[in-house]
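2 protein chains.
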Amino acid sequence: MSAGKKEAKGDTVGMTVPKKDFSEWFTEVIKKAELADLRYNAKGFLVHRPWSVLCMKEMYRLYEGELERRCHMPVWFPAVIPESNFKKEAEHIEGFEPELFWVTHAGSDELTERLALRPTSETAMYTMYSKWVRSWRDLPLKLYQSCQVWRCDTKATRPFIRGREFHWIEAHDVFATEEEAKNQVKEDMEMTEVIMHREFGVPFISFQRPEWDKFPGAVHTYAADTMMPDGKALQQPSTHLLGQNFAKSFNIRFKDKDEKEKVAWQTCYGPAIWRMFSSVVALHGDDKGLVFPFKIAPMQVAIIPIGGTEKEAYGLQKELMEAGIRVIVDASDNTPGWKFNQWEMKGVPIRIELGPKEVKEGRLTLVRRDTGKKTQVNRKAALKSVLTEGGELTKSIISKADNWFTGKISNASSMKELGECLKSGGFVRTELCSVGKDGEACADRIKDRFHAEVRGKRIDVEEKPKGDCVVCGSKAQEVVYVAKQY
Amino acid sequence: MSAGKKEAKGDTVGMTVPKKDFSEWFTEVIKKAELADLRYNAKGFLVHRPWSVLCMKEMYRLYEGELERRCHMPVWFPAVIPESNFKKEAEHIEGFEPELFWVTHAGSDELTERLALRPTSETAMYTMYSKWVRSWRDLPLKLYQSCQVWRCDTKATRPFIRGREFHWIEAHDVFATEEEAKNQVKEDMEMTEVIMHREFGVPFISFQRPEWDKFPGAVHTYAADTMMPDGKALQQPSTHLLGQNFAKSFNIRFKDKDEKEKVAWQTCYGPAIWRMFSSVVALHGDDKGLVFPFKIAPMQVAIIPIGGTEKEAYGLQKELMEAGIRVIVDASDNTPGWKFNQWEMKGVPIRIELGPKEVKEGRLTLVRRDTGKKTQVNRKAALKSVLTEGGELTKSIISKADNWFTGKISNASSMKELGECLKSGGFVRTELCSVGKDGEACADRIKDRFHAEVRGKRIDVEEKPKGDCVVCGSKAQEVVYVAKQY
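Quick mapping for you: the protein sequence lines, in order, are chains Z and E.
Oh and the first sequence: position 284 is 284 in this note's numbering, straight run, nothing missing.
Oh and the second sequence: position 379 is 379 in this note's numbering, straight run, nothing missing.
Careful: at least some of the hints might be erroneous.
All copies of an identical chain are treated as equivalent in the list; a pair is satisfied when it fits inside any one copy or across any two copies.
Think about it this way: if two alpha-carbon atoms lie no more than 27 Å apart in a straight line, the pair counts; the simulated DSS-like pairs of lysine-lysine are [what the hints assert, rightly or not]:
| # | residue 1 | residue 2 |
| --- | --- | --- |
| 1 | Lys374 | Lys260 |
| 2 | Lys32 | Lys257 |
| 3 | Lys57 | Lys318 |
| 4 | Lys318 | Lys295 |
| 5 | Lys43 | Lys357 |
| 6 | Lys43 | Lys373 |
| 7 | Lys155 | Lys475 |
| 8 | Lys232 | Lys31 |
| 9 | Lys466 | Lys374 |
| 10 | Lys31 | Lys360 |
| 11 | Lys255 | Lys32 |
| 12 | Lys295 | Lys57 |
| 13 | Lys464 | Lys262 |
| 14 | Lys360 | Lys182 |
| 15 | Lys88 | Lys262 |
| 16 | Lys318 | Lys186 |
| 17 | Lys19 | Lys357 |
| 18 | Lys32 | Lys131 |
| 19 | Lys373 | Lys155 |
If you are wondering where the hints come from, they were derived from the structure by calculation, not from laboratory data.
What you are looking at is a predicted structure, and each value in this text was computed from that prediction instead of being measured.
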């Protein structure tokens, strides 16, 4: 690849906003690193430029691989869902109706039935599931699709966080028993850990959402919340125990081994690659711009030929690319200093500087994006060193993100403390009378007073309350976490 | 993967319709091999099941790789296009308007401007191109996206051939000069050859389409036509020399090296993976069902454990999967014969039979899908043999398709001959007065009389006419090819 030359426009390179001013930093890095363009003339719809798409393609590849290893198979369902499908599950349509985009015409003709752009695919997929599931032999049925969904969110949109079109994966599974469905919820959480945390470096806490904050139509919703640099929580993949609600509405039944007809059990899981990308950008970036984990970097290596070493640079590029590494050679007419800044800002994990003296002596200089550490490497060890340093970079930035994340949890045992903790951001651990319907009034008081939400109770560790509800003072039933949110 | 158990439902296995009854065969194989389900309740929208999606994912991967090797970068544009964008290029809107799906409402609110579901992305992308292209340094700009497009085709839909939603790739390139744009057209044709022909095994002829059959807004349209088993032509990727038409309408200009502002030159290219899949199914399949080229097969190897060799089968699967091969173990309770039929029908290139005697003697039986040839292989040579036989199968089925395709070209020098040739199907080479506007009346007469179309003149070889126009009798200016079409 040789996109290098495109950069030679003489724009101002480098970030001007420090990361501590997160909101402005995020806006600037999206523009300067050419991740997306916000000027498309349909409000809330983003144009994704190569620098974000190259990364998200790798994120999709890793996630799809993990889903397939765990016996999910890929499908492609239509983007449109007939209105009548939505009407089958009452809670679901109530939850999504205000956000649906409606296709009403084809050419100059009005359609006999309106078609919604899918906001999520339960009501598309489950009409077919009822045809595909007949016997216990058809179960478990575990399918996923990588696609876009459309929701006319009326809140303020933010690129990669909240928008009217986003890119995600949705997995929809059917089981013969409730126990298997519950185990799938655990497997979904494991996938979030294995891919989002260990590969993308996005730490999270898994919560069971309170009763009043469930997915429309679910029995329970479990969500992985990460934290953004401004101290606000961001929901990452959620997995929903659907129980038999949809199976009853959509008639998903099977003849079991005992010859009896039974209603199936379901789960769904929604890893939103698009939103995970926002966390990758936000968590690993620094004052100089983006920092990508090695495996998912749009380009993993940038080679800067200095003083006429272009031929050697392209030779090295070829060698690394044959080993599957994504490499860019910047042979533009900009100064080496400009190029260093440019590829640092764009978050390329490894920079290779190649001068005439280095070529002559059979070595090269390798610079790591996260630490700036320079290493002299034998030319013959180029590939090995790139892989080693790339791996080290990933480990290092993930560990940094983990440590930061751990520090974003505080404790409060009174409304006063809760308010103070929330001022400095992060999750605040406190106690509540209930996460069932009874607790909603207390959660509303927290919301009204602090503009913060009860995220739910942890499911990775069991926590027993010791005192009283932070709001109403009655005996606490649950340890919960409160945070401001996106 | 262990989807094997899903198959143990006791349905009738195996095809009942021979391939010579192509239309019925195609319908049956789509259903029996579980490629797609046509029962979704929105007309013309297909539900794609894992067995087609696994293959198309590989097809996408190979095509995207080739595009990126040729310096195209991936982007993701919105699925919706504001109505005003379409109005900028008069011919384009005229061509597409009757087929557009319109989003008119969000929730219960009417949108201030209608949004079309993209039928193709010129009018989405070029509004941004006008912002991105400023200087000669920004050129060439070569971008592609893998996405779905929506067209409310009023003709009869056929799965993977004609539908209201299809999965494709579109590449949109911008150049400083007409010459570069013309070279891109050649490069697009090369990609069709390198991937569609040599990897997917779909032979084609490249035509320049007649003046009356161009893409709306293009200067010239070049299309790769393949042939289906029923003797009807099917258009595969087309590439369009857009000249400066769209660049003028969308204001794509740049400051050249000479400091003068110039209008850019454009091309676009549309490899429709979805439709290529139909040709893969149609061209390579036989009376027993599907036959896939090794590289793009949904599963490349099916291991059938016989007489209690499940453990060894899973061991072998693991070994092959670690080498990147897609392998299924069928450990269901069906008979070996049932399983042989099943995986033959599904087109798995290599079947491995593993009995207790073979395990004991350290060997296995390898069966090729295309020839049925059985080979005894040493267990230690399993991976190598799978790769060798897989490669041989691909070569063999492509060569078979090529030979068949070559035989589907005949010659006609009178309307009578043309009619006779068209009866047996295929391309008929004949001569026409013109492929410019002047020839349209003659083409219309062919269409009226034979329900066949003038596909255009070849661009891979130069052919000089020797006689008169087959229709009007005036001196022929062009050698053209006529065929019935999908």
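Alpha-carbon proximity context of Lys466 and Lys374, limit 27 Å: neither (52 Å within a copy, 71 Å between copies)
Intra- versus inter-subunit Cα pairing at 27 Å for Lys295 with Lys57: both (11 Å within a copy, 21 Å between copies)
Within a copy, between copies, both or neither: where do Lys255 and Lys32 come within 27 Å Cα-Cα? Result: close only across copies, 22 Å inter versus 58 Å intra.
Copy assignment of Lys19 with Lys357, given that the CA separation must stay at most 27 Å: Neither, since 37 Å and 67 Å both go past 27 Å.
Checking Lys318 and Lys295: alpha-carbon separation at most 27 Å within a copy, between copies, both or neither? both (19 Å within a copy, 24 Å between copies)
Cα distance capped at 27 Å. Does Lys31 pair with Lys360 within a copy, between copies, both, or neither? neither (39 Å within a copy, 64 Å between copies)
Since the copies are identical, ignore which copy is meant and state whether Lys32 and Lys131 lie within 27 Å (CA to CA) inside a copy, between copies, both or neither. between (50 Å within a copy, 15 Å between copies)
Tell me, please, which holds for Lys318 and Lys186 at an alpha-carbon limit of 27 Å: within, between, both or neither? Answer is between: at 25 Å across copies they meet the 27 Å cutoff, but 43 Å inside does not.
Could you figure out if Lys374 and Lys260 sit no more than 27 Å apart (CA to CA) within one copy, between two copies, both or neither? neither (69 Å within a copy, 44 Å between copies)
How do Lys373 and Lys155 come out at 27 Å by Cα distance, when the copy is not named: within, between, both, or neither? Answer is neither: 43 Å inside a copy and 63 Å across each miss the 27 Å cutoff.
Is it within a copy, between copies, both, or neither that the alpha carbon of Lys43 lies no farther than 27 Å from that of Lys357? neither (53 Å within a copy, 67 Å between copies)
With identical chains, the pair Lys57 and Lys318 could be close in the same copy or across copies; at 27 Å between alpha carbons, which is it: within, between, both, or neither? The answer is both: 22 Å in one copy and 26 Å across copies each meet 27 Å.
Against the hints set out earlier in the document, violations occur for numbers 1, 5, 6, 7, 9, 10, 13, 14, 17 and 19.
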